[in-house]
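S.K.: If you read the protein sequences in the order shown, they are chains P and C. Take any residue in the first sequence, count from 1 to its spot, add 1396: that is its number in the working numbering. Take any residue in the second sequence, count from 1 to its spot, add 938: that is its number in the working numbering.
FYI, nobody ran anything at the bench for these hints, they're computed from the structure. Wrong hints could be hidden among the right ones.
Here are the computed lysine-lysine pairs in the BS3-like style, where the Cα-Cα straight-line distance is at most 25 Å [to be verified]:
no., chain 1, residue 1, chain 2, residue 2
1, P, Lys1437, C, Lys1065
2, C, Lys1219, P, Lys1480
3, P, Lys1496, P, Lys1480
4, C, Lys942, C, Lys952
5, P, Lys1496, C, Lys942
6, C, Lys1245, C, Lys1220
7, C, Lys1245, C, Lys1293
8, C, Lys1439, P, Lys1480
9, C, Lys1220, P, Lys1496
10, C, Lys1439, P, Lys1496
11, P, Lys1480, C, Lys1480
12, P, Lys1480, C, Lys1065
13, C, Lys1483, P, Lys1496
14, C, Lys1325, C, Lys1349
15, C, Lys1065, C, Lys998
16, C, Lys1349, C, Lys1412
17, P, Lys1496, C, Lys1480
18, P, Lys1473, C, Lys1435
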Amino acid sequence: MDATSFAEALDFAIGREKAAVDFYRELAALASFAVQRSTLKEFMTMEEGHVAMLSAMKARGGLELSSAIAVDLGLAKALAADEKPAAGMSFQDILVAAVKKEERSGELYVSLAAASLNPEAKAVFERLVAEESRHKRYFEELYEAHIARDN
Amino acid sequence: MDIKDFIAPFAVWKRAFEKPFTVKKPIDERPGAPRYRGFHINDAERCVGCGTCEAICMNKAIDLVPVEGREAKEGDSGLRPRVDYGRCCWCALCVDICPSGSLNMSNEYLWIDSDPDVFRYTPGVDKKPWDGAELGYRRAEGYRLLDEQRVPMAELGHREAVKSFLELVQGYSRAQAEKEADRCVSCGLCIASCPAHMDIPGYIKAVREGDLDTGLRLLYETNPFPEACGRICTHLCEGACSIGTGGDPVAIRWLKRYIADQVELSAYAKALPRAEPSVGKKVAVVGAGPGGLSAAYYLALLGYEVKVYEKDGEAGGMLRYGIPEYRLPYPALDKDIGYIESLGVTIKRGVAIGKDLSLSDLRRDYHAVYLSTGLPVAYGLEVPGDKHPRVLDGVAVLAAATRGEELGLGKRVAVIGGGNVAMDAARTALRHGAAVDILYRRREEDMPADADEIREAKAEGARLIEKSIPVEVKDAAGALAGKAALFVWNEAEMVQKEEGKRPVPEAIPGALREELYDSIIAAIGQGPDLSYVTEEDGVPMKRFKPLVDARGMASPGASPKGGAIFAGGDLVNDRKDAISAIADGHRAALSIDRHLSGKGA
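So that you can see chain C by itself, here it is in the shape it has in the complex:
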């Protein structure tokens, strides 16, 4: 036995009348370690309410809850995480996974209250003393549970690209697609931002699990153009992707394309729903673009007999005649259209309503008519000399390229405008061997074209001349008269003339410039051709646009003269992109069904 064993009981007495250590040394002198996992802090402005923290929490200590004064918007659910400290184990997985990095922890650990309910609160919303704490647990620099970078997409090099109309984007392999799909956290923020509200997390999960039939079925629930949209969609979904708050957004568009590419057209019928038995009613669709054909697809599924009237020789609308094949190869588009036709939809190609048939003919012969004729009229430059034979319209140039016609653009081409038509026209001209200038009235950041399109047009060799106001087109002199033209523009500066409005380009006095071009392609905007609608059709119109109600209905019909008229797509909406036209077509199909069947009337 050791001597200490005898002394120890007496040593206890030595401390018996001292105050406990914790009383002598107050707690506020004992802060948590710098990286202690204390109570949560959340930057509510940076947080997008994706719910990844909620999903990863093993104790179900986090709920996404509505917050007063915060509304849902694109890329933000408007919800914020509420933490229940009765359940939290301070593991900090929520911090590690948070895509935006808004969720962190303070090093505060002391919180005394007799009310147990207060220990469930919404960090960053319910004010706490540790809000904004600099110390506490943070995700270590460079450490991410999520992969910040998307799987790179193989693309033709720019030098190679301009030599042909071969498709630029090569598509993902199975391994690449599954790896990219793994980056998705299924938060669903993308669904709200997609005009067609596609089940994006659902089809990405299908990619991850290798279940492409399910993926295809989910795509077709709201979009019968997966091949086309998998290539040229404006992909608003990626702008809303929560993963994009801390890295590259998930390549949603390419994953959609992957599913459609992998399933043969002959196998579609096995994966997709069959059409309902015939309801004995007929619907006419005017315009075989993405909107018109989407309406046709969903109507055919519902058992309607659908005939689509298309003025051009081929179906597809702007997808075929406005988008070059290096972005959307015709076989891919034909696959989408082929499946729609396989359901019994008839496309009458080369039949113009207003010329070969009238709208009143359709109203007489069909129970309902859907107008989806888009914006085929190219607007002009409206400057002196704009009727010069070398001033061409961008839509016509792209259509001629689709038809395989000789464009004869020459060696020097100016493209006027900053939208997607301008970028496509410029890149088409580059592929025809021309040197191309893109002249835009405002700045590059104001251009309405997709950022990818602008970047690629420049990378392929187009020269962008910003802040250039068109002034005049003059005929070339001498032997070039009638064969080339001088484009005159005024250099501009952007002037903030009114607070809260976007700056206005203002001509700099005397800063006139001119260049000689073989072709000047005007691509400043397009409008509708509504010459086929008469007053007798009863379609209310304002400022060259049919007025429709929330169902897409323009005229109720039900008169002896004929069926109801619905309208949608670029003709009606302000987004002017394929996915919005597809969404309009889907909505119209459901509305027409409700209208004709009396459901929900």
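Just chain P, same shape as in the assembly:
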């Protein structure tokens, strides 16, 4: 990605969020029962909210994202690498997929921020690193509360 400006950097981020919407939509298409679909729909709606938020920022020409990086619970690192959920996916399968997806996004923005020569684009990516850390943290907390209750 050769993001050289504020707008291009945001376009890239919006594209990533749209891909996240598609990610949950594809999983929902795989789902075989209602509670899977309702959970995936909730997460998909969340990603659509991110698309809308970034699009609005782009239209306003200003980035309004906190720079606070969420504390890393270290869960994403401990979870096994990608395993695409299948039709019988449990809540654990869905949350693992979500945590790993957010982890990948965060790592990508870290790389992009490091590679960006344009200070505007660099600032955008740095804020996106923080934003993704908060998303990852959100799913990690869900995982701790609902899945790994006994560990």
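Guided by the hints, dock chain C onto chain P, whose structure is given.
M.R.: Using the frame of chain P, we list chain C on its own:
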């Protein structure tokens, strides 16, 4: 006549113009004796508002009153004793009986005021000059009106215990039970902490008085599983027991068991209420665990025709398939279930909803449906290699043990997790002759299992490895390939990353450890199986949980498609224990009755 008799009147004149002694020697120079019983002082933080002082006061000089800024919470009524000095005789029985030792007396005795109302005040709340006084009456060291120690329970020794699945806890004799029941002060703090709000002081009084029929009736008012709960309840009540503030809490769980054990099943009907005449309506219950069967029991009492659908071959849910028989013998569980069935509740064993019948079938055929299917799906380790054939799930291991299947765990077993399933799996493996390691990601004090379970698992020989983060499962080398596995973990340290939140285990770089095990039992948590609920059933769900209102209702029904749906138990609540599921089942039964009869609609 003595000469003094003549002189005495003149001696009086000698003092006639002196000031009285009490004026010459001011009162502040005459403090009360060090153990004088003066005005009360109360450590309001230590006091739990149990009201034992109020109960013992013969003059009715003490009232428990609400205090501004102090709310009721578990083990604390939020009330505090107010003393009326118009009635108090300073006998200090209130001090002697106080379970927490918060109530004492200062050696202050002087208090002059023209307003009589001020002599009724709440020590420790209404500020007084003698607050915090070091002198005054205290209960003497070692002296207690109450017995601090509970009557010991006979249990199998740990070495003996691991040789079989015999029940560990032997139960109280009549004399032991009555002695233990004598320790209860009937404060009732336990009632609020019990999810089913059982009348604990009531049934303990029944034990004390030898009236077991009344005891049984009180148990069944809110809990139709006294045999099971008398053995495996999480006994939150004992955590709230006021006697526990100064000694051992009353053995409430064992007293419950005592009542149920003493009354034969054939005599239950004499003590317990009969079912109301039929109301001509049918309710289906999905899941024959404690929650589902509790709902069934109370609905049957109310005159409903109830059919319970259970996917397993036997009823009892996690009480049967998740709790080993050394903790809950099957005959005890069967007794509870047997009485519920005797009321006309039908249990269709081996019928899975979503497979043999659909939820919409039930909605069509019944006026209401109660979902209580628990958390049967075991979550996996989610580390590389976790699909190795020697990685087993804890719930499946316990279920197989219940079914009497050969477990084939081998000689070295690792159990991953710190909950009750992990402890039960570990202790089951010990009874199958294995050496067991329990690996837990955090510290022992963070483990969600009952403290008793952890202590007993260790005492029976399990080795607890704390702060161990699962990293990988690798196949064993050579001839053991596929038959054993290496479990790799990273030693961790607990790091307080955020203020106000619990510490997080963080891997210590390079501190990888591995051990070879014949079986690795994952017991990190369980989730629901809601695959039988479709969108057409109209049950709102969020994050793999049905959403219910305060009545336990998930879907009002009343459409041509069928009856209302209620849900509860582990499937819905956050406590995830039997007594909470039982409470949910009771609540659902009452809600279903109100819904179907139009009462309180």
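S.K.: Regarding the pair lysine 1439 of chain C and lysine 1480 of chain P, is the alpha-carbon distance no greater than 25 Å?
M.R.: Distance of about 32 Å is beyond 25 Å: violated.
S.K.: Need the status of pair lysine 1496 of chain P, lysine 942 of chain C: alpha-carbon distance at most 25 Å?
M.R.: 108 Å, violated
S.K.: Between lysine 1245 of chain C and lysine 1293 of chain C, is the straight-line Cα distance small enough, at 25 Å or below?
M.R.: 17 Å, holds
S.K.: Regarding the pair lysine 1437 of chain P and lysine 1065 of chain C, is the alpha-carbon distance no greater than 25 Å?
M.R.: 58 Å, violated
S.K.: So if I understand the rule, the pair passes when the alpha-carbon distance is 25 Å or less; does lysine 1480 of chain P with lysine 1480 of chain C pass?
M.R.: 22 Å, holds
S.K.: What's the verdict on lysine 1496 of chain P and lysine 1480 of chain C, does the C-alpha distance respect the 25 Å limit or exceed it?
M.R.: 21 Å, holds
S.K.: Can the restraint linking lysine 1496 of chain P and lysine 1480 of chain P be considered satisfied, given a maximum Cα separation of 25 Å?
M.R.: 11 Å, holds
S.K.: Is the straight-line distance between the alpha-carbon of lysine 1473 of chain P and that of lysine 1435 of chain C 25 Å or less?
M.R.: OK: lysine 1473 of chain P and lysine 1435 of chain C at ~17 Å, within 25 Å.
S.K.: Quick one, are lysine 1065 of chain C and lysine 998 of chain C close enough, alpha carbons at most 25 Å?
M.R.: 23 Å, holds
S.K.: Hey, lysine 1349 of chain C versus lysine 1412 of chain C, does the alpha-carbon distance stay inside 25 Å?
M.R.: 18 Å, holds
S.K.: Going straight from one Cα to the other, do lysine 1325 of chain C and lysine 1349 of chain C come out at no more than 25 Å?
M.R.: Answer holds: lysine 1325 of chain C to lysine 1349 of chain C is near 20 Å, not above 25 Å.
S.K.: Check the hint pairing lysine 1220 of chain C with lysine 1496 of chain P against an upper bound of 25 Å on the C-alpha distance.
M.R.: 47 Å, violated
Figure legend: structure checked against the earlier numbered hints; hints not met, in rising order: 1, 2, 5, 8, 9, 12.
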